[in-house]
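**Student:** From first to last, the protein sequence lines are chains A and B.
Every letter in the first sequence is one number past the one before it in our numbering, and letter 424, counting from 1, is 424.
Convert by adding 1000 to the 1-based position in the second sequence; the result is the number in our numbering.
Since the hints were derived computationally from the structure, they do not count as laboratory data.
All values reported here derive from a predicted model rather than from experimental measurement.
Ideal placement from N, C-alpha and C gives every residue a C-beta, glycine not left out.
Warning: the hint list may mix true and false statements.
Unchecked claim - Some but not every residue of chain A turned toward chain B, in silico, with C-beta under 7 Å:
1. L562
2. T571
3. L634
4. T635
5. Q682
6. T692
7. D700
8. L701
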Amino acid sequence: MPSSKSAPRCDALAKATGAERYALDLAPADCLFAGAFRPGAVLGIAHGRLRGLDPASVAAALAVPGVLRVLTAADVPGTNRQGIVHKDQPVLCGEVIRHAGDPVALVLAESALALRRGLAALRADIEPLPGVFNPEEALKKGAPLVHAGRKGGNLLLSALIEKGDARQALKSAPVVLRGEFSTPVQEHAFLETQCGFAQLLPDGVLDMTVSTQAPFRDRFEIGHALGLDPLTIRVRSPYLGGGFGGKDGSTVQCLLGLAALCAGGRPVRMAWDREESILAGYKRHAVRLRYTLGADEDGTLLALSCRLTYDTGAYAHLGGEVMELGMEHAAGPYRVPNVRVEGRLAYTNNPIAGAFRGFGVAQVSPAFEGLLDALAAKLCLDPLELRRKNALHTGDENSSGVTLTSSVHLAQCLDELAAHPHWTGREAWRVAAPPLTRRGVGVSCVFNGMGYGRGLPDMAIAKVELTEAGDFLIYTSVPDMGQGNAAAFALLAAQELNQPPEGIRLVQPDTERCHPSGSSSAGRTTYTYGNALLKACAAMRAKLLTRAAMALMADEAEALELVPGAVQHRTTGRSLPLAALARFLSRDDRLSVAEFLMPVAQDRPDTGRGFAIGFPHLFFAFAAHLARIEVDELTGRVRVCDYVCVTDGGRVLGRSCFDQQAQGGAAQGIGFALTEDFQVRQGLIQTRDLSTCLIPTALDLPDIESLAVDGCEPTGPRGLKGVGEVGLNGPAPALAAALEDAIGTRLRDFPLNPERVLAALKKRRPSSKSGRESGTNSATKAGPKPVAKLGPESGPKPGLKPGLKSERRRA
Amino acid sequence: MNVVFPRSLPELFAALAEPGARILAGGTDLLVRLRAQPEAAAPATLVSLERIAALHNVAEEAGGQSHSLDGVFGPARLPGTLHRVVRLGAACTHAELLAHPLVRARLPVLAQALAVLGSPPVRNMGTLGGNLCTASPAGDCLPPLLALGAEVELASASGARRLALADFLLGPGRTALAPGEALIAVHVPVPGVDVRQHFEKVGRREALAVAVVSLAALVRLGHGGIIAEARLAWGSVGPTVWRCPEAEAALIGRRLSLTALSEAAALVRARVRPIDDVRASADYRREVAGNLLLRLAEL
């Protein structure tokens, strides 16, 4: 049986050697090329009325040798509307463009060069309309409407989570802190941009191979948009070169389907280049957050009230669900008896926001953690101790009113971090800063829900086949976008069937060969499909033992066991090779299928208002992060020197995949918090390529230490929970805390770019000689509740150990 | 689009005489630009410098050999200069120069800039000549070479000429190269051992970053650590590499103390005229252009 400790993941060699075949590697050589014409970006128009394509330019495009078709909205059969929950996004725009990347035509050509020339020839006549680019402006009366005539105007969703009485509790809370935060748009920047190929087969089946996270749902989205029966659409999803949420929902699918319908039966390929990927792809929602936190004088959290405004851009995508998850996490992984979370989600003429690893939660983490640090500072408490004091445990009621019957090992994460030398030795390290350099250490405490939440069943179906050759095929049905779930499936099956790694082969998702399952997303991929797979494998094992009993002359199947490549009689050692056993069985009998449905909270709380689906969640992964940083006083540049993630993902199945998820999440979170700085002005993206949209390089990241706590989620496959997302939520708050430790100012607007850091340093510089802090601790004194308005310059510094308290009081 | 590979300078000049011909050095800028351009604007032929051996040499020469060349700091006879010149072939890659013992030993300010230019793949392809001819105000080699008082050697079918680098760089993307002319080599006077050499680039990340501000500084220290001469050149704060004679003058006669440097930094901030762009604001550039001088206190 394969060891889970050291074996490399099963896809490692093929990917490292370049042998793995991604979607476009599988495209036939005689493919036509399809490409979208997106004139808004060229014209600098994010909102405009489309008067039409210039007919002369269409003629010019069609005159380009090799250009076959120029398709417009008039050529789209079906509704011409795509969208996962809200069908609000045209495949091709006919009347209005709502963001600068909206497509208005689709060109079909014999070659990449002809396509490029055809696209270059096109001109669109677009009358600019007043646009709205700020979600709070969008919700004001008289704001330009993104979707004219829509009931509710630009307000896509307004929702509330209310538990207890936060207003009353805040009135009487001894300590009250306020803070405003903002988090930016983030680009997924996957290595493999959005791509795929498609062909309309003679039998009417639209056969597609796409880099997608949700092949089964895609069929319905494509079918709805293009007026096709989903049964006539086949979607295959080989390994993705990255997804992170950006390939959850239609990217190329509907355009490619339309192209294939108009290609006379020839295969067509579509691949967005990097600029198009940035222009038209989904982004992380920018969010503004207004927080009020109330606590007792001993640091016990009493109440939290906040108002979140999410900018979903021109179309809904999964905006409502993203905001829902953010709201559910808005109070942090803490016991808070009184909670009020208001969320508003607005349409604007900005790029489309959608699913992104950390799904709404990465945006709220810097806010609740920022106020936790402010509270620690105010009460002169160790920030890690304050978190331990309030941390959720199994059996606690969370901020949505859900009793956590699932595994919660957050306290162990914090214990591990508290004992880490980077934490215990932080003062010594800090004072040893080189000249012109400030050092700081910060921690954060984060979590991330698993699964779709109540009201949207989270289901997967696994199919296992014993082949004639005597090995096993796993029909995976949930794509692997690089996170390693396919490797986890292979490992789970190998363990359950007691076979060597080479005895297990994987069929990547294919709607014709695999059974329908949910998307690769939401930290649910390995959990839900893995459970289904274990059931299917157990049933397969039971079946094979029974079938082998006759051949092995065994009276009872219990006397038999599966061994590598064979069924063996335990006592006599007689065995039947699986390849021989397979010959006794018809193909139907060599299959085993099982499904799993994620459990949901049984006592559905009445705390949520406005959520159609997906509220609340029951399972959470937890993590505690630590960052050690250096800040250059001359430039404001932040260097991450060390980073530690302690993750509660239940039991660890494969250590390398677990660590890669923690490290990858932290790396992407560091980019989100520090370097990326995605900029949009008047709806127009300023960071249009990877020379300005600055994802971190190897030199920008330290070695990221990944530690696991010894947890176990009883409902999980082999006790595991999903850890794909939680790692992204930690860096922004941990880095902001470390920065505050270094420079004495809490920055609440992200990213923490050199410009903001230098400005903060400059403001504080006059007092830097006489000690870095001058904050008072009025909150600890008795008397009426002090209210601290946390502007960028106030707020005493957290993170001092008790020995320094007196010194700070003197300051 | 054709790509041709001449093997000698005469072949190069012949190829450049063809209509629509354009020099391809490392291609790290040019190919990215061509991809973004409309097809009609593309050159008909790219003329690669890769196989012209004469453009790949690095050698140290006696300074007297070059015409009209004084030492780095004033007349060649001035104490503290080596009276020698390093000649860098224009088609040398950044990686080749970075690894070259002469560059490392004689021109550490250039080596420091090369070490943070792009990334290893970009340094393996990009060339010194390409970096200069691209004439980006953010080009990492420009401030060090300008501070060093480098000269460029230009040649065409009709002959060769020398220009001070400052006269070669006319503006963003603009140089004094005439049609049919190629940058052949860069001549760099070698500073004396009493000259401190320093380069710092501020980018938005540690690699593959365009400079937001950069500073090349050469400071000659006289007896008792008194500054005898200073040459300061900033990148990314103006249309071309920017010098600040007032700040240089203010340092003379002082020590490399935080006080002296802070005063010079104030002069820099008062005079520099940077712009806002997607990478940084003008205010940030102005502030940091001054601040970077303070690093010299650590020299």
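**Student:** Hint by hint, say whether it matches the structure.
**Tutor:** These are the hints, each one checked on the structure:
1. L562: violated, 49 Å
2. T571: violated, 62 Å
3. L634: holds, 4 Å
4. T635: With a minimum Cβ separation of about 5 Å from chain B (threshold 7 Å), the hint on T635 (chain A) holds.
5. Q682: At 14 Å from the nearest chain B Cβ, Q682 (chain A) fails the 7 Å test, so the hint is violated.
6. T692: holds, 5 Å
7. D700: Since chain B brings a Cβ to about 5 Å from D700 (chain A), closer than 7 Å, the hint holds.
8. L701: This interface hint is violated because 9 Å lies over the 7 Å limit.
The structure fails to meet hints 1, 2, 5 and 8 from the earlier list, while all remaining hints are met.
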